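Enquirer: One letter stands for each residue in the lines below.
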Amino acid sequence: MKVLAIALNTFREAVRDRVLYNLVAFVLLLIGAALIFSQASLGQEARIVTDAGLSAVRLFGLAIAIFIGVGLVYKEIEKRTVLVLLSKPIRRSQFILGKYFGLCLTLLVNTAVMTAALTLALWYAQSAFTSVQARLWPVAYLLWLELLVMTAWALLFSSFSTPMLSALFTVLLFILGNWAADLKLFADTASSWLTRVLCRVLYHVVPNLPDFNFIAPLAHGQSVPPKLIAGATVYAALYISALLALTVLIFERRNFK
Amino acid sequence: MKAAALLLLCLILTVPVQAWLDRQPKPRVPTNVLEDETLYVKSTRTFKGFSLGFNAFLADWYWFRTIQYFGSQVEGDSTNWRLDALPELLDLVLELDPQYLAAYRFGAAFLPDTQYPQTVALLERGIRLNPAEWRLQLDLGYLHWRQKRFAEAAAAYQSASRVPGAPAWLSVLAASVAAQGDDRATAREIFTRLYENSTDEYVRQLSQARLQQLQAQTELEQLNRLLTRYHDQVGACPPTLAALVQWTLRTGLRAELSEELHLDEHGAPVDPAGVAYAYEPGNCAAAFNAQSSLARLKF
Numbered sequence: 003m004k005v006l007a008i009a010l011n012t013f014r015e016a017v018r019d020r021v022l023y024n025l026v027a028f029v030l031l032l033i034g035a036a037l038i039f040s041q042a043s044l045g046q047e048a049r050i051v052t053d054a055g056l057s058a059v060r061l062f063g064l065a066i067a068i069f070i071g072v073g074l075v076y077k078e079i080e081k082r083t084v085l086v087l088l089s090k091p092i093r094r095s096q097f098i099l100g101k102y103f104g105l106c107l108t109l110l111v112n113t114a115v116m117t118a119a120l121t122l123a124l125w126y127a128q129s130a131f132t133s134v135q136a137r138l139w140p141v142a143y144l145l146w147l148e149l150l151v152m153t154a155w156a157l158l159f160s161s162f163s164t165p166m167l168s169a170l171f172t173v174l175l176f177i178l179g180n181w182a183a184d185l186k187l188f189a190d191t192a193s194s195w196l197t198r199v200l201c202r203v204l205y206h207v208v209p210n211l212p213d214f215n216f217i218a219p220l221a222h223g224q225s226v227p228p229k230l231i232a233g234a235t236v237y238a239a240l241y242i243s244a245l246l247a248l249t250v251l252i253f254e255r256r257n258f259k
Numbered sequence: 021m022k023a024a025a026l027l028l029l030c031l032i033l034t035v036p037v038q039a040w041l042d043r044q045p046k047p048r049v050p051t052n053v054l055e056d057e058t059l060y061v062k063s064t065r066t067f068k069g070f071s072l073g074f075n076a077f078l079a080d081w082y083w084f085r086t087i088q089y090f091g092s093q094v095e096g097d098s099t100n101w102r103l104d105a106l107p108e109l110l111d112l113v114l115e116l117d118p119q120y121l122a123a124y125r126f127g128a129a130f131l132p133d134t135q136y137p138q139t140v141a142l143l144e145r146g147i148r149l150n151p152a153e154w155r156l157q158l159d160l161g162y163l164h165w166r167q168k169r170f171a172e173a174a175a176a177y178q179s180a181s182r183v184p185g186a187p188a189w190l191s192v193l194a195a196s197v198a199a200q201g202d203d204r205a206t207a208r209e210i211f212t213r214l215y216e217n218s219t220d221e222y223v224r225q226l227s228q229a230r231l232q233q234l235q236a237q238t239e240l241e242q243l244n245r246l247l248t249r250y251h252d253q254v255g256a257c258p259p260t261l262a263a264l265v266q267w268t269l270r271t272g273l274r275a276e277l278s279e280e281l282h283l284d285e286h287g288a289p290v291d292p293a294g295v296a297y298a299y300e301p302g303n304c305a306a307a308f309n310a311q312s313s314l315a316r317l318k319f
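So the sequence lines, in the order shown, correspond to chains V and X. So the number in the numbering used here is just where the residue sits in the first sequence, counting from 1, plus 2. So the number in the numbering used here is just where the residue sits in the second sequence, counting from 1, plus 20.
If you're looking for bench data, these hints aren't it; they were derived computationally from the structure. Note that the structure is a prediction, hence the values are computed from the model and not measured. Misleading hints may appear alongside valid ones.
[To be verified] No farther apart than 16 angstroms at their CA atoms in a straight line, the calculated lysine to aspartate or glutamate pairs in the EDC-like style are these:
| no. | chain 1 | residue 1 | chain 2 | residue 2 |
| --- | --- | --- | --- | --- |
| 1 | V | K77 | V | D19 |
| 2 | X | K22 | V | E254 |
| 3 | V | K186 | X | D42 |
| 4 | X | K168 | X | D203 |
| 5 | V | K229 | X | D42 |
| 6 | V | K90 | V | E78 |
[Said to hold, decoys possible] Simulated DEER-style distance windows between Cβ atoms:
| no. | chain 1 | residue 1 | chain 2 | residue 2 | range |
| --- | --- | --- | --- | --- | --- |
| 7 | X | I32 | V | V86 | 34 to 44 angstroms |
| 8 | X | V35 | V | A114 | 30 to 40 angstroms |
| 9 | X | W81 | V | T164 | 22 to 32 angstroms |
| 10 | X | A152 | V | L31 | 50 to 60 angstroms |
| 11 | V | I92 | X | I32 | 38 to 48 angstroms |
| 12 | V | V111 | X | L149 | 46 to 56 angstroms |
| 13 | V | P91 | X | I87 | 36 to 46 angstroms |
| 14 | X | R208 | V | V236 | 36 to 46 angstroms |
| 15 | X | G91 | V | P91 | 23 to 33 angstroms |
| 16 | V | D184 | X | T248 | 27 to 37 angstroms |
C-beta atoms are modelled at their ideal positions from N, C-alpha and C, and glycine is treated no differently.
The shape of chain V in the complex, shown without the other chains (with noise of 0.2 angstroms):
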């Protein structure tokens, strides 16, 4: 129950700050200029309105998860507000958990909503309701796991660091993630044995950010096949947990005075 209150009292913070407005609007009108410019592409309007509407929806959701999960336990700490909660009942990990919760809820709702604005612009494109619409539901939501993962990294940099420096660590690993066939790759293939463990422990700890990422065969028309959603949220759901219980540590022995 506390967990739950800190999450929705987290969650109002979140729809207050004007930078999650400007954002989502920003998709909003990205998708509507996608519309408009894919008139010039020669029949290719679904594929265009998919391709920049999800392209859009993950970039900006991973802004929102940086510029906001940064800030989420250092801006507490800042304030001293952190001092006042901690006072209470509150156990510290419920205090992470919380806040955690909370933003997910946020990006929930913020996916949802930029989701259901290209469902309907591809409803425009398309005029009528095409199975690709159906289809962008499950994709969305793993874009939303993403999401759920650089969060809990952003929160996990924001227990100990500044959000600037936060917010960057949160970038270099998502470009990492990114990465992760390549770390994959060389892990495989390199000759020398120090690189190819290096790059297996890698592998492991850097989040597997393709695992969440059909965009492009959702673009060509293909589904994603429901066992690879059930073993990308089991992905998500531990390497989440891991990530958690490390904040949890972190803010466990942390000093406020």
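Fit chain X to the given chain V structure using the hints.
Expert: Leaving out everything else, chain X in the frame of chain V:
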């Protein structure tokens, strides 16, 4: 303690889950659109303008993509490569960094023969921007030689030999190409120099494979000459090539075969790739074995 245990447990559990995900077949984008997606950027000059001083890094990035593109195209059947996007990828790398020598050399080795004018233009641009780099002129000479333009090839080798620090054998090579462009010995010389002077592993492998193919061609000529002699002397074709080799040992004709010729455990001659030569007793003819990589080598 609970948090630490949860952290460890969850991290460990992600390993088998990720391994399972890696094994699952993923929805794939059709390969005929891979080229468009690989390129993404069509105007190289505009792209360079937007690189904001990171052009060296971006050149490295696109070089990496070029290698991945090449690798994805040549996986599997080595005789049916489609490298349509390769010139544009290389152009992008070189627009970002005109001193990217590896890109010029890679293009010289792997752009298909149908892109000869573009490859020549690529190398000439590289030579203009990197006049001290004699290896680019070596590559240009090789390119002309492959097209049987021996005069241009000789001119390129001669020009390379005039670059300070260039090895002396370049002028010898120029003379050989001018005089006997189509000669196997000249070809052997060219590929040997390419192999010795290239830092690119693909080019070295290609050169080594071509040297093996030339060696195999020499051995086949020798085997077929000996088959004719055998037929003339014995009145029939030998049942196998191993029998032919035995006959050369008995008759003192072993010296007619190359010292580098290898035999398998049955005494049958094998090509430099280790595959036994094919033999048709009815025609008294030895040839490349269709299973051998040397028979399938296109370049």
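Enquirer: All hints are to be evaluated individually against the structure, with a verdict given for each.
Expert: Hints versus structure:
1. Pair hint V:K77 plus V:D19 holds up; C-alpha atoms about 13 angstroms apart against a cutoff of 16 angstroms.
2. As the CA atoms of X:K22 and V:E254 are separated by approximately 12 angstroms, the hinted pair is consistent with the 16 angstroms bound.
3. Restraint check for V:K186 and X:D42: the C-alpha separation of about 10 angstroms stays at or below 16 angstroms, so the hint holds.
4. Proposed proximity of X:K168 and X:D203 is supported: the alpha carbons are some 11 angstroms apart, at most 16 angstroms.
5. A C-alpha spacing of about 12 angstroms is found between V:K229 and X:D42, which places the hinted pair at or below 16 angstroms, so the restraint holds.
6. With a CA separation close to 15 angstroms, the supplied pair V:K90 and V:E78 stays within the 16 angstroms bound.
7. Evaluation of the 34 to 44 angstroms hint for X:I32 and V:V86 yields a pass: the beta carbon distance comes to about 37 angstroms.
8. Range check, X:V35 to V:A114: Cβ separation about 32 angstroms, and the 30 to 40 angstroms hint holds.
9. Taking 22 to 32 angstroms as the suggested C-beta distance range, the pair X:W81 and V:T164 conforms, at roughly 29 angstroms.
10. Between X:A152 and V:L31 the C-beta distance comes to about 52 angstroms, which sits within the given range of 50 to 60 angstroms.
11. Between V:I92 and X:I32 the CB atoms are about 30 angstroms apart, so this pair departs from the stated range of 38 to 48 angstroms.
12. V:V111 and X:L149 have their C-beta atoms about 55 angstroms apart, which keeps the hinted 46 to 56 angstroms range intact.
13. For V:P91 and X:I87, the Cβ-Cβ distance of about 59 angstroms falls outside the hinted range of 36 to 46 angstroms, so the restraint is violated.
14. Between X:R208 and V:V236 the CB atoms are about 59 angstroms apart, so this pair departs from the stated range of 36 to 46 angstroms.
15. At roughly 59 angstroms, the beta carbons of X:G91 and V:P91 sit outside the given window of 23 to 33 angstroms.
16. Judged by the Cβ atoms, the range 27 to 37 angstroms given for V:D184 and X:T248 is violated: they are separated by roughly 56 angstroms.
Hints 11, 13, 14, 15 and 16, counting from the list given before, are not met by this structure.
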